[in-house]
Amino acid sequence: MNANEAIVWVEVAGKAYKIGVGVIESILAALRSAGVEADQARLDEIHADYTARIARAEAAAAGGSPTDGP
Amino acid sequence: MRRADRIDRVLVVAFALGLWACAASTSQYHAATVGAVTLHDALAAVQDTADVLHDAAQITDAQHQAINAKLVPLLMLGDEIAVTIRQWPVGTAAPAQLRNLISQMGTLTQALIDVLPEGVAQSALLKKALAVQVLVTQLLLS
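Same order as they appear, the protein sequences are chains R and V. Note that the numbering used here has the first sequence beginning at 1, numbered continuously upward. Note that the numbering used here has the second sequence beginning at 1, numbered continuously upward.
Incorrect hints may have been included.
Unchecked claim - Simulated restraints, written as ranges between beta carbons of each label pair:
| no. | chain 1 | residue 1 | chain 2 | residue 2 | range |
| --- | --- | --- | --- | --- | --- |
| 1 | V | Asp48 | R | Gly22 | 44 to 54 Å |
| 2 | V | Asn100 | R | Glu11 | 45 to 55 Å |
| 3 | V | Thr92 | R | Ala16 | 32 to 42 Å |
No wet-lab data here; the hints were simulated from the structure. Even for Gly, the Cβ is constructed at its ideal location relative to N, Cα and C.
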């Protein structure tokens with residue numbers, strides 16, 4: 001822990017621990033990053049599904065069978 | 001209060017403010033993702049149901065064609081919304097383009113709802129479900 005870093009005292013089961021703010025910040029940043037990555041993965045899935053659905057709808061709009069794919 | 005204590009307190013306050021700002025931008029990104037997923041699910045349900053109804057001869061070829069013709073621009077719009085959110089750098093303001101895309105949703109959805117046939121129980125349910133989901137999506141994305 002950096003000597004100039006702000007610290008937070010945390011009491012667990014009657015014992016006090018000091019934790020550097022940087023450590024907490026790193027943990028939270030990792031959690032945030034995992035959440036954003038999950039959202040981005042879902043958006044990628046949606047994009048792939050839209051691509052297939054657009055082709056299917058275009059074929060059906062042109063009078064093709066709904067099961068006719070590209 | 002010692003000077004070092006004051007500095008520590010200022011740092012803790014600054015840290016808390018920074019954390020709050022990051023959490024706000026991340027939750028905004030997540031809400032937008034939920035909106036995009038909701039819209040996708042609604043449009044997918046319409047497309048799949050239209051196909052099932054068509055296969056079961058509950059709707060005519062012409063009705064099926066008309067529904068799909070109105071679905072194409074909505075699917076393209078939904079895709080553009082998903083891609084825009086995907087490319088949105090986390091921690092920055094929502095892209096202005098997102099608002100423009102959302103504003104087009106109402107007209108296109110109404111055009112689709114207009115061609116969904118009356119008299120088919122599933123379609124009535126579908127219309128309500130679509131309207132509700134699109135409304136929720138607009139709220140989440142705005």
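Taking the hints in turn, this is what the structure says about them:
Taking the beta carbon of each, aspartate 48 (chain V) and glycine 22 (chain R) are about 50 Å apart, inside 44 to 54 Å as hinted. Taken as a hint, the range 45 to 55 Å holds for the pair asparagine 100 (chain V) and glutamate 11 (chain R), whose Cβ atoms sit roughly 51 Å apart. Taken as a hint, the range 32 to 42 Å holds for the pair threonine 92 (chain V) and alanine 16 (chain R), whose Cβ atoms sit roughly 39 Å apart.
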